[in-house]
Amino acid sequence: QKEVEQNSGPLSVPEGAIASLNCTYSDRGSQSFFWYRQYSGKSPELIMSIYSNGDKEDGRFTAQLNKASQYVSLLIRDSQPSDSATYLCAVRSGSARQLTFGSGTQLTVLP
Amino acid sequence: NAGVTQTPKFQVLKTGQSMTLQCAQDMNHNSMYWYRQDPGMGLRLIYYSASEGTTDKGEVPNGYNVSRLNKREFSLRLESAAPSQTSVYFCASTGKSLDEQYFGPGTRLTVT
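Read top to bottom, the protein sequences are chains F and L. The opening residue of the first sequence carries number 1 in my numbering; numbering runs sequentially from there. The opening residue of the second sequence carries number 1 in my numbering; numbering runs sequentially from there.
Heads up, a few of these hints could be off.
[What the hints assert, rightly or not] Computed beta-carbon distance windows for the label pairs:
| hint | chain 1 | residue 1 | chain 2 | residue 2 | range |
| --- | --- | --- | --- | --- | --- |
| 1 | F | S20 | L | M41 | 20 to 28 Å |
| 2 | F | K67 | L | P8 | 36 to 44 Å |
| 3 | F | N53 | L | E59 | 23 to 31 Å |
| 4 | F | Y71 | L | Q22 | 20 to 28 Å |
| 5 | F | N53 | L | R108 | 17 to 25 Å |
| 6 | F | G54 | L | P8 | 39 to 47 Å |
| 7 | L | D26 | F | R97 | 15 to 23 Å |
| 8 | L | L69 | F | D27 | 30 to 38 Å |
| 9 | F | R28 | L | E59 | 39 to 47 Å |
| 10 | L | M41 | F | L75 | 41 to 49 Å |
| 11 | L | T112 | F | Q80 | 24 to 32 Å |
| 12 | L | S97 | F | E57 | 19 to 27 Å |
Hints listed in this document are in silico derivations from the structure and should not be mistaken for laboratory results. All C-beta atoms, glycine included, are put in the ideal place defined by N, C-alpha and C.
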């Protein structure tokens, strides 16, 4: 069983809508949580990190963390066609140096 | 400041051939990583190096070897390539905070 689970999608939303991406993890010792965006044929890039329960907002992006439910989500407000990409959830446990990635959710924002 | 660079960008090998993928970073990062990415599988860690002179296995190390040549460079070697190693390979590095991993542009490897 993969330690970090994401709905693979594809997820389609109309331009201007809110896109909601979800991720669950199995290791209760996980301390750090990341969302990476990966455009087709490109390498992943970090867009959000979150370490404490609650919400963290950065522009149109909001990351939400609930450690009790072992759940982290990413909301994209006012979605734009340029947001069309695969979004990867990544988790780091305790003092570990490595990340565990989910398989990614493919998002398409329709004009 | 080039960030993380990888060579080559594309490679086609025949089964049984060997090759080395090169990775270098100019951000003075301590930790470096090699991942492979297959459709629907996300990124899977092959090996990582927490510092110069140390390497550790990740989730899928079989069939690979690595060398942390110095602080800047971390190479991945396929001794006897197999079709199952057809994938996109990404190198990444991170600083002391272990927060953001910076990725190279990737190497697309096909083994026939």
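Comparing the hints with the structure gives:
1. Distance hint check for S20 (chain F) and M41 (chain L): the Cβ-Cβ separation is about 23 Å, which falls inside the suggested range of 20 to 28 Å.
2. A beta carbon spacing of about 42 Å between K67 (chain F) and P8 (chain L) agrees with the range 36 to 44 Å that was offered as a hint.
3. Between N53 (chain F) and E59 (chain L) the C-beta distance comes to about 28 Å, which sits within the given range of 23 to 31 Å.
4. Separated by about 39 Å at the C-beta atoms, Y71 (chain F) and Q22 (chain L) break the suggested range of 20 to 28 Å.
5. Between N53 (chain F) and R108 (chain L) the Cβ separation comes to about 40 Å, which falls outside the hinted range of 17 to 25 Å.
6. Taking the beta carbon of each, G54 (chain F) and P8 (chain L) are about 44 Å apart, inside 39 to 47 Å as hinted.
7. Taken as a hint, the range 15 to 23 Å holds for the pair D26 (chain L) and R97 (chain F), whose Cβ atoms sit roughly 20 Å apart.
8. For L69 (chain L) and D27 (chain F), the Cβ-Cβ distance of about 32 Å falls inside the hinted range of 30 to 38 Å, so the restraint holds.
9. Judged by the Cβ atoms, the range 39 to 47 Å given for R28 (chain F) and E59 (chain L) is violated: they are separated by roughly 20 Å.
10. Hint check: M41 (chain L) to L75 (chain F), Cβ distance near 25 Å, so the stated range 41 to 49 Å is violated.
11. For T112 (chain L) and Q80 (chain F), the Cβ-Cβ distance of about 40 Å falls outside the hinted range of 24 to 32 Å, so the restraint is violated.
12. As the Cβ distance of S97 (chain L) to E57 (chain F) is approximately 21 Å, the hint placing it in 19 to 27 Å holds.
Consistency with the previously given hints fails for numbers 4, 5, 9, 10 and 11, ordered from lowest to highest.
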